[in-house]
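Undergrad: Spelled out from the first residue to the last, the chains are:
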Amino acid sequence: MLVLSRQRDESIIIGDNVVVTIVDVRGDKVKLGITAPREVSVHRQEVYEAIRRENQQAAKLDPKEVQSLGQRTTRPGK
Amino acid sequence: MKLGENMDVTTTRFGTISVQEEDLLHFKQGLIGLEQCRSWILLADRQNGSLGWLQNVDCGEVAVGIVSPRLLVPDYQLRVASNELKGLRLDDLPVDGQAAYLPKDIQVVVIVSRQPEGLSLNLKAPLVINVRAREGCQVVSRDDYPVTHRLTAPIATASNAEFSHAELELRKIA
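The listed protein sequences derive, respectively, from chains G and C. For the first sequence, the working numbering begins at -2 and goes up steadily by one. For the second sequence, the working numbering begins at 136 and goes up steadily by one.
Certain hints may be false.
Said to hold, decoys possible - To give an idea of the chain G side of the interface with chain C (calculated C-beta under 10 Å), a few residues:
1) D25
2) L29
3) T32
4) I48
5) A56
Hints were generated in silico from the structure; no laboratory data involved. Glycine is no exception: its CB is placed at the ideal position from the N, C-alpha and C atoms.
With the rest of the complex left out, here is chain C (with noise of 0.2 Å):
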């Protein structure tokens, strides 16, 4: 797709959308276990602002729910093997010790999902996107978070924490 080129993406839950290339997200390497779904375009839920949706333009019942992370765990933390983030561009990132600290212009967003017993963020894979250079990928944290950390409370409660400087800038269902 050339840039200023429109493609109209028929999803199963949002319609048919109409997106152009600069709009989109590439994970070179998909989602783990979902790793042929490249292109995706992010979109705010209606009802929650805390809330976004990345929907996969190839397939368009593909849709993950995401949030930051640190509206609900405020001390999370990413720690990852450097490789992991290989396939965004990334500048050479500070370095201590074993950990990469990822540059402010770097967003984290972890996926939400269901269980049986309610929601649930999947805070040991996380998602990073280089938003500046349109990339993202998974990456798998060094950390013994849990891949279903169970959500008992709803987002604009849950703590004072401030609506991070890192969020992502979402682009409006029309």
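If we strip away everything but chain G, and leave its shape as in the complex, we get (with noise of 0.2 Å):
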């Protein structure tokens, strides 16, 4: 991992055109202020985590487990 100190208002650049900007520092909370085009996308580390864990429950579940979503309607076609 590459360690940098800024203080507030200053930036670093990843790549040619990801920015991070330390918008505000209070106590130990960190406000960044992160410019990027619009085809990066940028997430929460811990999203991402909960988005792994929560793919690896599903992929457990059991038809049973579902059968409180609802019973099969009648309906035109399929």
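With the hints as a guide, dock the two chains, each given alone in a separate frame, to form the complex.
TA: Here it is in structure tokens:
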């Protein structure tokens, strides 16, 4: 991991076009501003981790467990 | 597998099913946390016409329940960074500021899971499926939707939202 020290209002640039700016520092909370092209996704890491865990959990779900979702309705087609 | 060839897949939930290459849905990057799970087949739930099961064809024990999010969250909208959709064969997406609007032949479904309190939907990371090209990927929404949206009502009675015209074609279990 590259470790840099930055103060408020200072920035780092990642690649050609991702800029991370320290917007505010208050206690142990740092507010970051991220400038990136539309095609680059930016997410909090814990969100990614939560999705990973959820997928792995969901992959164990059994059809019996989803019966409360509702009964088959009569519908044309299919 | 060549087109027209049959393959038998032994699954833990649905017994042994026979699949053909043209039935497969290909997720080039698998799912987040399940990156090796790339080839899937879509099955209908026996009890519930609104529910589909994506069964992995390489790992018989891996399957996820999927529903159209608008059945339970009528105003659900998906906004993603456009690079998240690079895995799919999509023509240029019409864009509006930060968001890309998905054409009608692209299906968006969400995965059903179980929490201690009951069933939930992952509204934060839906699956986007290009039905014609038989390709899909999991994306992360730019919006603040929950990973575990609690389900409090059965699909059939949850809302007046008509069954979305963008519903996936469900292949019935033989």
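Undergrad: Holds or violated: G:T32 as interface residue toward chain C, Cβ cutoff 10 Å?
TA: Status violated, d = 13 Å.
Undergrad: Using 10 Å as the Cβ threshold, decide whether G:I48 counts as touching chain C.
TA: Holds - the Cβ of G:I48 comes within 10 Å of chain C, reaching about 4 Å at its closest.
Undergrad: Does G:L29 pass the interface check with chain C, least Cβ-Cβ distance below 10 Å?
TA: 16 Å, violated
Undergrad: Does G:D25 pass the interface hint, meaning its C-beta sits closer than 10 Å to a C-beta of chain C?
TA: Violated, about 23 Å.
Undergrad: Have a go at the G:A56 hint: is there a Cβ in chain C nearer than 10 Å to its own Cβ?
TA: Since chain C brings a Cβ to about 5 Å from G:A56, closer than 10 Å, the hint holds.
The structure does not agree with the numbered hints 1, 2 and 3 stated previously, though it agrees with the rest.
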